[in-house]
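Peer 1: Listed here are the chains, written in short residue letters.
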Amino acid sequence: MAHSQGKRRRLVADIVRQGRLQNPPFRLRGGQQLLAALTTASVLMLAVPGAALASTAAGKASKTSSSAHKEKARAKGPAANARSTARAGAAGRSSPVKEAKEARGGRSRKAGTTVAATAATSATAATAARATRKPAPAGTIQEASNAEARLIAVYEMFGRGQSRPALAKARDLVRDYPNFQLAQLVYGDLLAAQLPPSNALPDSASIAKMRGNPAMAELHEESKRRLQALRERPPANTVPSQFLALSTRSRYAIAVDASRSRLYLFENSDKGLKLTADYYISVGKSGTDKVTEGDARTPLGVYYITSSLDPKSLKDFYGAGALPINYPNPYDVRRGKTGGGIWLHGTPPQQFARAPLASDGCVVMANPDLKQLLRKVQIGATPVVTARSLQWISQPQAEKEAQSITSAITGWKDARASGNEAQLKKFYLPDFQRSSKKSNEGISVVDDEVKYAQGKRVQLKDMSYLHWRDGDDTMVVTFGEVFEGEKSGRSRRQYWLRQGTDWKLFHEEILG
Amino acid sequence: MPKSPRPRARFSFSPTVRALLLAAATCGAVLPALAAIEHEEVDKLMQAGKLDEAMVKAEAFLKDKPRDPQMRFLKGVIQLDTGKRNEAIAAFTQLTLDAPELPEPYNNLAVIYASQNQFDKARAALESAIRTNPSYATAQENLGDVYARLASQAYSKALQLDQNNTAVQPKLAVIRTLFTPTPPGAKPTALIAAAPPPAPAPVAKAAPAPAPAPAAPPPPVKVAAAPAPVAAAPKAPEAAPAPAPAPAPAAANTAANAEVESAVRAWASAWASQDMDRYLAAYGSEFTPAGGQSRKNWEEDRRARIVGKSSISVNIENLAIKVDGQNATAKFRQIYRADNLNVSSRKTLEMQRSGNQWHIRKESVGG
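Same order as they appear, the protein sequences are chains A and B. FYI, in the working numbering the residues of the first sequence are 496 to 1007. FYI, in the working numbering the residues of the second sequence are 322 to 688.
No lab work stands behind these hints, which were simulated from the structure alone. There could be a bad hint or two in this list.
Here are a few chain B residues that face chain A, going by a calculated C-beta distance under 7 angstroms [unchecked claim]:
hint, residue
1, Pro421
2, Gly465
3, Tyr468
4, Leu471
5, Lys478
6, Leu480
7, Ala576
8, Ala577
Where is the CB? At the ideal position from N, CA and C, for every residue including glycine.
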């Protein structure tokens, strides 16, 4: 299993590497202006390295082409959805009105306002093709879903001028994944590439019309992002900058890079985090940085998976399952962010994948990809970082950045052990809140902590530091306590906020 | 080129392929040696719409020669014409098994599959046809139609559009008869296109000979040319009006013959593609319309008859050219199809050279 995966990974890596080396990517024989004209209008143009890096017009355009069109999903309405989310509610922080009901306001890819988008894409792609390509960073690890790897193989073949084999592979791909819209588009482009330069075929008009369909821009954007994510790999031996330390209690970690429409899955062991797979994902149709309920944005921050919803209890629209995350987390609440019901979920039967910007805030994955994830995540223990754009840092760098919070925790622990309430109080912000299964109203936290510790020596174990920086500098720290002479103690998740050079606690969850 | 509602796909062929096409198209002027009479009879009955009679004759023939590919093929076409699709599928499928080298049965299978909306099966059949004979123009054109439909379907799926509202069904061209190459040593009955046939069909063993490639002509246009010895193809197969160098006996006249043939085919092509400028330009200033009509009235008459049609195909068969100095006579069988009309007639064009152009001086039916 591990071997075959590695083999596949190498295979994909080879394909993509060859694609990079190959120059020029399209050998246009003399007089084949048809093909030239076609490829500028075709998604295949995006397979050219460089074209993918350059065309931003389509991305902008597709953002504007929102709303107005109802999702075709067979939504039974908010009521049905509220039921399913209510079930999930026990585990996660569920707000009364869930945003997971994308079916209500979501849209299919029939959006129809970006007339210019397609033209823009072609124009930009054409320009990019002429421009010299940026060297892509050396990347080795790749794990794409099978369907995506096959799609990329089609691109590479076409790029090498093997349009016939590419056509055959594309045909196999759409046979196996008929609902993979991007694959259908590529197949259509490859077929169209075989057509003579004539407007006279019975289907020419409808082909031309569909090529001009604004929804094409979304597929082009999907194509671009998939290619980009496969070309520009994270540097070796690096982790997303949020993961300063992760206890091996979390066997996996997830990081979402919205700018690349990519979810990275890491395996965590005593050797650290290792990237094992990455998948194409869709985020909110209005993008990221969720602030208010209904803004159709995907939240940015560090979260945990709070439950796994049985797909049988869900509408078809959510596909193979759903993994709610704890948005809004205490930091979000502190800043007045609203909404909820942010899930990682699958796709409806009629769509293998959705547009890069498609959901009401959820992270949407192809069902085969989600199934991989479902097998691995641990409720409450698998962190999910969602970032606009991930920064990748080395292990020593992560350790260095963890130093200040480590010493803050040590200071907090020592103050508590010494019973020095005044000293301990310095670690808490005035509006500190604690959430626990036990009611703790009216109890001063400092009081409680001192009583709880009773001056005993305590060991902190299974430390995880998740760093989140936007306007503020925050740290989500998870750990367990073991008092001397005892077998176990509290398990805590603390939310720290940096004020000047000091770290202060503003929220704590007693996990058990 | 004026719009034609049933326009054809154009594929850019290399000059070599074009020459082969031309050869394939024109050597049909030579009748096959074996069993030609019966085949022609059945075909004539089919053209006359007497399908039952044709079937009776075909079946009688097949009693004696049950393996005869040409007659089995014709029978399949009759079944297709009489709406017996499944029987036709069985007949053509069996032919592809017994004679996998023949492109025609694959082509007709594709036609049936396409009519049943099974475009991927149609594609596979056409690709087989082209594999056996890459220059098979009808199959190439049909494949163009099928690719276009498949592309359209793929785009619909990409956009998740309702596919029921797609445009009219592409109607693929049925091949009416097996192409039969000239048996070696057979006496050519016409002085045209003497390039040997590319021998795609194993029915009669003809030595495959690469046709000499003439200089590439201008972009290929719709030219009527029959691939078949007798039958009219409903769709004109691809053939460029290339002056084929003809190693014909009458060596001195070869060049002139080729010029005349080229002019005749250009005339037919202009007619079929409803290109009135080119069509009328084929007639010289000395041309006198029959029946004492003035040139102007005749032109208006022709225009009215040609431009109004939704589609026209003009096939030329058994073209025979006689050159005498600045004059030439081209006699041929003209198979004219327009909308529901299907007329096959003998035609004679008297041509006159002016400069290096040949123009029509007189056009007459019969002869």
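Peer 1: Now tell me if each hint is right for this structure.
Peer 2: Taking the hints in turn, this is what the structure says about them:
The closest approach between the C-beta of Pro421(B) and any C-beta of chain A is roughly 20 angstroms, which is over the 7 angstroms cut-off, so the hint fails. A hinted interface residue such as Gly465(B) counts as satisfied when its beta carbon comes closer than 7 angstroms to some beta carbon of chain A; here the least separation is about 6 angstroms, so the hint holds. Interface restraint check for Tyr468(B): the shortest CB-CB distance to chain A comes to about 5 angstroms, inside 7 angstroms, so the restraint holds. For Leu471(B), the interface hint holds, since its Cβ comes within 7 angstroms of a Cβ in chain A; the closest pair sits about 5 angstroms apart.
A hinted interface residue such as Lys478(B) counts as satisfied when its beta carbon comes closer than 7 angstroms to some beta carbon of chain A; here the least separation is about 4 angstroms, so the hint holds. Hint status for Leu480(B) relative to chain A: holds, with the closest Cβ pair at about 5 angstroms, below 7 angstroms. A distance limit of 7 angstroms between C-beta atoms decides the matter here; for Ala576(B) the minimum to chain A is near 29 angstroms, and the interface restraint is violated. A least Cβ separation of about 32 angstroms between Ala577(B) and chain A goes past the 7 angstroms threshold, and the interface hint is therefore violated.
Of the hints listed earlier, those the structure fails to meet are numbers 1, 7 and 8, in rising order.
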